[in-house]
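If you're matching them up, the sequences are chains A and B in order. Just so you know, we're using this note's numbering here: the first sequence kicks off at 1 and counts up by one. Just so you know, we're using this note's numbering here: the second sequence kicks off at 1 and counts up by one.
Mixed in with the good hints there might be a few duds.
Where chains are identical, the list cannot tell them apart; a pair therefore holds if satisfied intra-copy or between any two copies.
Claimed, not checked - Below 20 Å or equal to it, Euclidean Cα-Cα: the simulated SDA-like pairs (lysine to any residue) are:
{"no.": "1", "residue 1": "Lys-71", "residue 2": "Pro-43"}
{"no.": "2", "residue 1": "Lys-130", "residue 2": "Gly-54"}
{"no.": "3", "residue 1": "Lys-71", "residue 2": "His-83"}
{"no.": "4", "residue 1": "Lys-4", "residue 2": "Ala-75"}
{"no.": "5", "residue 1": "Lys-136", "residue 2": "Thr-32"}
{"no.": "6", "residue 1": "Lys-71", "residue 2": "Leu-44"}
{"no.": "7", "residue 1": "Lys-4", "residue 2": "Ala-120"}
{"no.": "8", "residue 1": "Lys-76", "residue 2": "Gly-116"}
{"no.": "9", "residue 1": "Lys-41", "residue 2": "Glu-53"}
{"no.": "10", "residue 1": "Lys-41", "residue 2": "Ile-100"}
{"no.": "11", "residue 1": "Lys-40", "residue 2": "Gly-12"}
{"no.": "12", "residue 1": "Lys-41", "residue 2": "Glu-104"}
Read the hints as simulated data drawn from the structure, not as lab findings.
There are 2 protein chains.
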Amino acid sequence: MQDKIVIGIDPGSIMCGYGIIRKERGATIYITAGQIAMPKKQPLSVRLKYLHEGLSEIIHTYQPDEAVIEKIFFAKGIKSALHLGHARGVAMLTASMQDIPVIEYSALEIKQSVTGYGHADKKQVQHMVKAILGIKQDLSFDSSDALAMALCHSHTMDYKIHTPLVWS
Amino acid sequence: MQDKIVIGIDPGSIMCGYGIIRKERGATIYITAGQIAMPKKQPLSVRLKYLHEGLSEIIHTYQPDEAVIEKIFFAKGIKSALHLGHARGVAMLTASMQDIPVIEYSALEIKQSVTGYGHADKKQVQHMVKAILGIKQDLSFDSSDALAMALCHSHTMDYKIHTPLVWS
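Construct the complete structure from the given sequences, taking the supplied hints into account.
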């Protein structure tokens, strides 16, 4: 992977996690991670505006080259899928509006890449994310999940560069 | 209903219908209706950007006071709900970014308001929309559905003004 900045985005209907890493001369460096909270009591259109504005500011500040988001195949139900879809659509649009390509990986790929086990739980993912990036402070699960997405992309890109395989 | 311009928005994952009416001294006037097509072969993040840019331009041109979108309770499946959620989230955000309140009505309320029958099909809705607004030319179902949303809001607002009921 060439030197680049990657943002992982984990959108939910009331909270959106993000995590940013930089790949520099082969080393992976932690930049920042956090959450954008949406005001619960506001109408959905207003909550989505908060999400968009918060994420726009973060992207504008850290200037990532690529954004990573989790591929979604299922949800707890139709209602959850609809809620998740709204936030995910806004997150993708926000990256796209600043001309940042959005890459998708499945939860299995992300967990496999970070922990070596596709069905790892959030605690295991968090433990490995902190170990890989040398993070001492506490992280929310939203933040560590988002960092895991960015790390997964970083690992996958390394593999693409170092193997002669044609990757489709 | 005071004089105002209302846009109805009917977002889908590859096509988004819109319809704009103006309420002026009690009369309801058709302004425009159409569809925003998203490029099928592009990644989702790019399709959502097309939707956002197209809808932003329409809102900027016609300066609606309020936007109406259909309330969604169910979809054909999780995948449909996710797809629909993405487009719907982007449509709501786009209105919200221009400080336009987004009002939601159920399909039942919209059909009931326009045709007098909550389970009317698209053809019946289209027929009544054209009759109410005196539209002679052909309309796509996306356009007539969007106009029906705007009309439903216009009727509901009339009712709110002319009845002493407290509406919550």
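Outcome of the hint check:
Taking the closest pair of Cα atoms, Lys-71 and Pro-43 come within 20 Å of each other only across two copies (13 Å); inside a single copy the shortest separation is 26 Å, beyond that limit. In the homo-oligomer, the alpha carbons of Lys-130 and Gly-54 never lie at most 20 Å apart, since the shortest distance is 24 Å inside one protomer and 42 Å across protomers. Within a single copy, Lys-71 and His-83 get their C-alpha atoms as close as 15 Å, and across copies as close as 12 Å, so both meet the 20 Å cut-off. For the homomeric pair Lys-4 and Ala-75, neither the shortest alpha-carbon distance inside one copy (32 Å) nor that between copies (39 Å) is at most 20 Å.
For the homomeric pair Lys-136 and Thr-32, the shortest alpha-carbon distance inside one copy (13 Å) is at most 20 Å, but the shortest distance between copies (58 Å) is not. Within a single copy, Lys-71 and Leu-44 get their C-alpha atoms only as close as 23 Å, which misses the 20 Å cut-off; across copies the closest is 11 Å, which meets it. For the identical chains of this complex, Lys-4 and Ala-120 are neighbours neither inside a copy (27 Å) nor across copies (54 Å), given an alpha-carbon limit of 20 Å. Neither within a single protomer nor between protomers do Lys-76 and Gly-116 lie at most 20 Å apart by alpha-carbon distance, with minima of 26 Å and 35 Å respectively.
Within a single copy, Lys-41 and Glu-53 get their C-alpha atoms as close as 18 Å, which meets the 20 Å cut-off; across copies the closest is 28 Å, which misses it. In this assembly of identical chains, the alpha carbons of Lys-41 and Ile-100 lie at most 20 Å apart only when taken from different copies (18 Å versus 31 Å within one copy). In this assembly of identical chains, the alpha carbons of Lys-40 and Gly-12 lie at most 20 Å apart only when taken from the same copy (12 Å versus 26 Å across copies). In this assembly of identical chains, Lys-41 and Glu-104 lie within 20 Å of each other by CA distance solely across copies; the values are 16 Å between and 31 Å within a copy.
Comparing the model with each numbered hint stated earlier shows that hints 2, 4, 7 and 8 do not hold.
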